[in-house]
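> Residue-level listing of the chains:
2 protein chains.
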Amino acid sequence: MMNKVFSAEQLDIKDPLRDKAQAFSLPANTVYLDGNSLGPLPKAAKQQADDVVNEQWGKGLITSWNKHQWIHLPQIVGDKIGGLIGAKSGQVICCDSISINLFKVLSAALKMHPSRKVIATTRDNFPTDIYMVQGLLDLLGSDYSIRYVDEACIGSQLTDDIAVLMLTQVNFRSGNKLDMQSITEQAHQKGILTLWDLAHSAGAFPVSLDACNVDFAVGCTYKYLNGGPGAPAFIYVAKRHQAQYQQPLSGWMGHSSPFSFSPDYAGDNSVKQNLCGTPGIIGMSILDAALDVFEDVSLKAIDEKSKKLQAFFIAEAKRAGLLEKFSIVSPNIDNRGSQLAFAHDHAYAICQAWIAEGVIADFRAPNILRIGFAPLYLSFVDIEKAVASLTKIMNEKRYENDEFQQRQSVT
Amino acid sequence: MMNKVFSAEQLDIKDPLRDKAQAFSLPANTVYLDGNSLGPLPKAAKQQADDVVNEQWGKGLITSWNKHQWIHLPQIVGDKIGGLIGAKSGQVICCDSISINLFKVLSAALKMHPSRKVIATTRDNFPTDIYMVQGLLDLLGSDYSIRYVDEACIGSQLTDDIAVLMLTQVNFRSGNKLDMQSITEQAHQKGILTLWDLAHSAGAFPVSLDACNVDFAVGCTYKYLNGGPGAPAFIYVAKRHQAQYQQPLSGWMGHSSPFSFSPDYAGDNSVKQNLCGTPGIIGMSILDAALDVFEDVSLKAIDEKSKKLQAFFIAEAKRAGLLEKFSIVSPNIDNRGSQLAFAHDHAYAICQAWIAEGVIADFRAPNILRIGFAPLYLSFVDIEKAVASLTKIMNEKRYENDEFQQRQSVT
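In order, the protein sequence lines correspond to chains A and B.
Each residue of the first sequence is one higher than the one before, starting from -2 at the first, in the numbering used here.
Each residue of the second sequence is one higher than the one before, starting from -2 at the first, in the numbering used here.
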């Protein structure tokens, strides 16, 4: 067994983000390795929930639409998110879910490219992304089609019949991270519009939408952005496209003048056109406060710590002999997001047994144990505990216990 | 001046719903006549907000999807709403916004009627309803069209080229209430599917979707259902249509097996197919608790009290000479919802001056003072105060003050 160069405690002392965990309300005796499914509760969000419910709604009632700026919240929150994904003000808006937002952007992109009838994506994209294309194409009829490109060599498969290339930057299972800059550039060379899904990117590492010349992006806020369960998603529309952008979910909140109640839809000539119905204010307001956790940290620092946590996890797992039992299906550290995926035939039961020990990770069908690294609240001591607990489970073969094998609807 | 038959105090004593106001957290010195825009905070919702944020999210983290039934919340809440709109279990689901839900249902309805290309609605429908049709038709191309029917004689304008008739039961401005039973029957005689928007109906009076043989309905929950600002909406799909129902916003939560992550969309053969992305759990959980206010009251009792409150308002206004200053644009009491609309050139400023006096109503462009009657928390003494205050404003012409004339973004 190798000796550690630094102990977990030493690494925590050297960690510039070590105090950030105090910004979260975390349950005791839990190591949370599932912040890539649902981030934990920031203390500021807890306070905001109280304020938006009891003061703003309870006391302000309808007048809070003005008094507490509810009407501007989608833009305020959008710009905050923009700051975390390399987008200058006025290009990001907070609204609806990723799925619905994909429908808006895909429709708008096809309209901007009337002579092209193909949407390209990877077969291993997150299912809802693909389902939304299928739903849209079914509505549009047989002129249009979806084409699957191989994640490993996207550039070589780009042809000039493709209207829009829809990619998730970080694969939800393996963590494989695509090169946004190079792929966007290659797509543009063929006149293809790009749509990036940042579900596993936003809040995890630096993203540079403007600098990469990305056309459109969507993302969710309940993973690394800690916005709460089912918190509203976002859309990025590059400034240069906003004048001709037209999306079909043309609800009143995206109208250029919603309260004039005019009989005809006239979409706002800005990213605001992506608003549709009345936004869920309570969830969005909680998200607004949750984002303030990022105010005094850089995504670069978060990314650096994530890489260290991952390296430490692997080193510890190796020392414990775990790497002979699991196969790592994630690419190397420079080509993956803030997660590690291990394949094991008993991944589901292992995950359940781990949860029973207070270490929460998650399972992704068919056989992936998925481990998320969220540097804002994870310490090196947490990782050490998690590996120790996994080692015990594997050595004792606890995953063979019946209680851990019963499937629940969600993990 | 006529004498009152009963004083406001006497009417309150006789009111069987008089204690129900205690279920709400209402600000002091406020008469709230805008529950038809945003219902006030139920105390149970306040408690639930605390629980879902701090316990379920904060402590349960990702495991709450199972432990606290988050995954089933759209159906649980849907069935609760169903009980208030005359829908048997399994036909209502809580999701997204009315606007987005209209898009789903309209698309599905057109698909069920491939030979018909017309969506009919009233020109004075709530704008977002019309905008959503416009957005959908723009996507579908020139084969399809929207046709406006006159609210006053819908039956005679129904022809067999209409695929779906989309109506809002209660007009958002005037309060005019359509005869759901008779119109649905007339539509069916022409083979037309019906889609009812219950924004100003649900929670205000008895609605009988099943008994009226309605095909589809949508509605919001932040008005008379008191679910909170931007609380999620709902969809009703009659059982008989669920097998062939196919809506295009085909996100993973509407898949028959969302966590199998299969590459192809296979919509659930139930109302659940209307789910799209991950639902906003915090807002929906608060709504879930808010709906419990209705557990021990009947919609019939609510409707009866609303009619009495409205009659009392009008009688008081008449006594005060107000009816010579305003014209009532609402139909008579049997043909309107739980609201009264008065037209006045200075309606906006009057509304602002009223708010300054602690009476919150709302303004609807171009010249409507809209007064909502929500019997769960309004007393006859409230109405008496509101009329007294309005009388003062009118007699003193306070609406001429500059401070009340400045428009804000929302009212």
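For the record, the hints were derived by calculation from the structure and aren't laboratory data.
Where is the CB? At the ideal position from N, CA and C, for every residue including glycine.
Please note: incorrect hints may appear among the correct ones.
[What the hints assert, rightly or not] Selected chain B positions facing chain A (in silico; Cβ < 7 Å):
#1 46
#2 95
#3 134
#4 203
#5 280
#6 385
[What the hints assert, rightly or not] Keeping only pairs whose Cα atoms sit at most 20 Å apart, straight-line, the calculated PhoX-like set for lysine-lysine is:
#7 A:17 / A:187
#8 A:56 / B:236
#9 B:56 / A:40
#10 A:43 / B:305
#11 A:389 / A:11
#12 B:17 / B:304
#13 A:305 / A:11
#14 A:56 / B:43
#15 B:382 / B:394
#16 B:43 / B:56
#17 B:322 / B:236
#18 B:297 / B:77
#19 A:56 / B:40
#20 B:11 / B:40
#21 A:389 / A:315
#22 A:17 / A:56
#23 B:56 / A:43
#24 B:77 / B:17
#25 B:17 / B:43
#26 B:304 / B:382
#27 B:305 / B:315
#28 B:389 / B:315
#29 B:43 / A:43
#30 A:77 / A:43
#31 B:108 / B:297
#32 B:17 / A:40
#33 A:17 / B:322
> Hey, residue 56 of chain A versus residue 40 of chain B, does the alpha-carbon distance stay inside 20 Å?
Within the cut-off at roughly 13 Å; holds.
> Straight-line Cα separation of residue 389 of chain B and residue 315 of chain B no greater than 20 Å?
14 Å, holds
> Taking 7 Å as the limit, does the beta-carbon of residue 134 of chain B come near enough to a beta-carbon in chain A?
Check failed: Cβ of residue 134 of chain B comes no nearer than 9 Å to chain A, outside 7 Å.
> Does the structure keep residue 389 of chain A and residue 11 of chain A at a Cα separation of 20 Å or less?
28 Å, violated
> Is the straight-line distance between the alpha-carbon of residue 56 of chain B and that of residue 43 of chain A 20 Å or less?
At roughly 12 Å apart (the allowed maximum being 20 Å), residue 43 of chain A and residue 56 of chain B satisfy the hint.
> Going straight from one Cα to the other, do residue 17 of chain A and residue 322 of chain B come out at no more than 20 Å?
At roughly 62 Å apart (the allowed maximum being 20 Å), residue 322 of chain B and residue 17 of chain A break the hint.
> Under 7 Å is the threshold here; is the Cβ of residue 280 of chain B close enough to any Cβ of chain A for the hint to stand?
Residue 280 of chain B check passes; min Cβ-Cβ to chain A is 5 Å, inside 7 Å.
> For a C-alpha distance cap of 20 Å, please report whether residue 305 of chain B and residue 315 of chain B respect it.
Holds, because 15 Å separates the two Cα atoms, which is no more than 20 Å.
> Residue 43 of chain B and residue 43 of chain A: Cα distance at most 20 Å?
13 Å, holds
> Given the proposed pairing of residue 322 of chain B with residue 236 of chain B, does the C-alpha separation stay at or below 20 Å?
50 Å, violated
> Between residue 297 of chain B and residue 77 of chain B, is the straight-line Cα distance small enough, at 20 Å or below?
17 Å, holds
> Check the hint pairing residue 77 of chain B with residue 17 of chain B against an upper bound of 20 Å on the C-alpha distance.
19 Å, holds
Hint compliance for this structure: hints 3, 4, 6, 7, 8, 10, 11, 17, 20, 22, 31, 32 and 33 are not met, and every other hint is.
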